[in-house]
Structure formats: C-alpha cells, structure tokens
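Enquirer: So the sequences go chain by chain: A and B.
Residue numbers for the first sequence, in the working numbering: 1 to 323.
Residue numbers for the second sequence, in the working numbering: 1001 to 1173.
Bear in mind the hints are in silico, worked out from the structure with no lab data behind them.
Certain hints may be false.
[Claimed, not checked] Covered, in the sense of this in silico footprint (three residues per stretch, anywhere, with C-beta under 8 Å from a C-beta of chain B), are these stretches of chain A:
id, region
1, 32-46
2, 103-114
3, 126-137
4, 242-252
5, 312-323
[Claimed, not checked] Here are a few chain B residues that sit away from chain A, every Cβ distance over 12 Å (derived from the structure):
id, residue
6, 1075
7, 1092
8, 1121
9, 1145
10, 1149
Idealized CB from N, CA, C, for every residue including glycine.
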Amino acid sequence: MVRLRIGYPEDPDYGERLAEFEARIARGEKLEPGDWMPAEYRRQLIRMISQHAHSEWVGMLPEGAWIPRAPSIRRKLILLAKVQDEAGHGQYLYHAAETLGVTREEMVEALLSGRAKYSNIFNYPTLTWADVGIIGWLVDGMAIKNQTMLAQCSYGPYSRAMVRICAEETFHHKQGKEAVLLYAKGSRKQRQMVQDALNRWWWPTLMMAGPHDTDSPHTPLLLRWGIKTKTNDQVRQEFLNEHVPELLDAGLIPPDPDLRYDEKTGNWIHGPIPWDEFWKVIQGEGPMNRHRLEARRRAHEEGRWVREALEAHGRRRLAQAAD
Amino acid sequence: MWGTEWPRYEVMKQDTPRSPVQMVGSVHAADPEHALLVARHVFVRRPAAYALFVAPAEAFFHITQEALKDPGGLSPEEGPEEAYWVFAKRSHRRSMVYGDLLGRFLAKGPADAIAQALLQGQGVAFWAVPERLVVGTESTEEVVESWFAPAKEKTYRLQSYYGLITAKGVEDA
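Kindly generate the complete structure, drawing on both the sequences and the hints.
Expert: Right, dumping it as structure tokens:
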C-alpha cells in the first residue's frame, strides 16, 4: 500500500516542497508513487485517471452490442479483439489510480452509484454497423489525440499506461477507418448508412476533447503540473486538421455548414458546438445514460457468484498450501 | 455489498529469456494462481512474454529516491536471513521505465536487501519482496508455449496489419 504523505498548503514545509516538486516537473522528471506531491495534484490525477478507466469499461457496451451482429467473421474477430483491449485499458488505468492511494472498490462504487463521470460519448446509441466504424475512426481518433498528449504526463504510472494504450488504440483507429472507407465507396445504401453515422457522431466526438479552454477551470493547473501537456482546444484542432481532409477525400461531409479551411493558419475551423446538449448529457439526460449504468450494475450483480466462487476456491488453496 | 475487494498482486513480466524481469502493474485476484491468469489477460494480450510472476502487493518494501537521502531510510534489520528480489527504477526521465529486477539477495530484511543492491546498481526507486512469496510460470518450453503462444498467434494484434489506409486505396475486406 502506498504511504500517503501530506501535501496541503497549510503544512509547514509546503512551500519548500512545492518548489522542489515543480523543479522536478520543469526538469521533465516523472513522479512515482511514494514521492511527495501536492494533495491537489493527487486529487486531480485520481479524478482524471478513474474517469478515464470508467470510460474504457462503459465504452465496451456500445461496441460489444455489435459483436453478435458483425457483418463477417473477420469483422467479428476484430471487434472481439478491440472490446477485449478496452477491458485491459480499464485495468491498466485502475491500477495507475490505485498507486495514488484510492482503492479499486471505491472507484467501482463511484461509477455504479452514478457519482463518477465517464466520457459523455458513450451515452449515445450505436444504431447501425457503420456506427462501429465511425467510433473506431473518429471517437478512437480523438481519444488517441488526447492520450498521446497524456503519455507525456508527469505522473509515471499514468504515462506508462497511456503509452501502452496508445499502441493498441492505433489498431482501433485503423480498423475503424478501413471499415468506414469501405462503406464510403460501397453501395448507395452503405454510403447513406455511413454518412448518417457521421452526422450523429460528429458533434459528440468534437465535444470529447472537453469544453473550450475559456470554460475549462482545471486546465491551467493541469498544464502547470505537467498532468496535461496540451489544452482541450489544441487537441480538438489537431483532430480536425487530421480527420477533415480524410473524410472529405472519402466523399463524406461533416454536418457543420460553417466548417472551413483557414489558409492563414492552416487550420480547419468548426462552427459553434452544441454545448447545451453536452451539458444535458453530462447531467444524465443523454439517450443512453440510464441504460449504460444499468448494464454495468447488472454485470456487477450477475458476476457476484463468480467472485464468491473464486474467493472460496482461493481460500481453500491458501489453506491447503499452509497445511 | 462492499468490503469484498480481492487482494492486489504486483505483476512482473519477462519478455524473452534474456530480457530483464520488470514490474509492469498490478491485478486483483483471489489467490496467486488466479493472479497469474488475470495478469496474462491484462499484460500479455499481445506479444511477447517468456515468464510472468506475481507477489502480494503489500509484501513489497518500497523506497523512493527522496527516502534514500534519509540516513535512517535503510536501517539494518534483524530478521531471519532469506532471499529477496530487488527491483530498481533507473531513471525518472522517460515514460517507459519500469522497475527492473536487479537480482536476488540474501538478507535479514528488505531494507538490508536494498542496501546490498545499491552496491551493485543505481536507481531512483527500489522495491524488495521476499522470494518465498513470488509465484511464477515455469520456464519450460511446454509451459511458455501454452501460456504465451496464443497471444502471439492472435489475429489483429498490431496496427501494422492495416498498413497505410487512404480513401483511394482501401482494399476489399
């Protein structure tokens, strides 16, 4: 168990410790469990890492629903590998958060009771197979932009988890892109299906990067302490610059009448993002919020007998070993 | 119903017979055998692996760079002599630096084991765990094959499978 140290501004040596801590970050060093850190650094990391872990676990649901309905055995195998990856990502991340002194049980309880947040994007339904492709290409594409930034994070265990996760997300991104491009040059019905999926996922995907920098209260501190290395708007801009030309090349049109290329800056500029919807979904009013949490609670409840059986088995093995 | 969390096990992975044993993360499990199985699912979904080891997380004695500066940090212990595995993290600079196994040391306690290891190698953080609590996969060909070959054969394991994808060049799938 990690020995928790104090790190509050009212501690007598806080100023001196904070200066040493910030000097380490300025030198590009990684913090490790057990190192002194401000209590606020620890709190922000626990908040971000556990939210991220929950997102991986809830994120298995919209895609998992398509495993039995995948259009070919090849696609089914790909999707199985991908959903299994998301479970693994949740595990790496819960581990990283645990090194900060929070327990797995506390985090799972926060998720199942509805207190903890997870990425808003998973509160939307997957209506057709094209949605699975769009999630792989765009949703995972945005996730990678965010995660490659977090792989530079100043906290060692989070940074290491992110490096591993990015390597696997790149496979998710490529398979999604392949699936979408295939439909984009397919039959009329396939093209309509994939354009419809793009229309529905476009704005939620742009919202994934988080509120605009001017509305993001945590960002300045997170940047100062090297938890984040880019702002929400920077991440969103990188995503647009990479994906818009590729979508247009494929004959797909993002549902934004104001979307334009700015010659001067070389950036793709988007129109107003429907933030009202974002806040509504965050507050639990999205189309799938209730359903997602119920599915997780049900899985937890229905898995109880497995946990109990494994525990009984473990106790017996340990008793036998002790004899 | 809470208060039922399984114990946490640290997971150590060796990629090839010649690579170092590294601390890669932790899993929750009911017993060490279960911990090894969960560790395989979490840390060996893709190649490569030659061996996996687990030990209860609370059995690890951990010391940071900062604590090493404190002269009392590694005070000598007076327990029965036994073997410890000592791990060191070599640098704080790069992302993918794990705790690497420095070796096996006979000592009267974990701090003593780390003090001995310090004579052999530098590090910015150290861990020591009694060898008797470490459970691992055997390094026989049959065991290595049955534990780790399936991940190597797994379809769609790497992004390079897809090569370069463009709107003009997508192949039929």
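Enquirer: Just pull the numbers of the violated hints for me, sorted ascending.
Expert: Violated hints: 3 and 7; rest satisfied.
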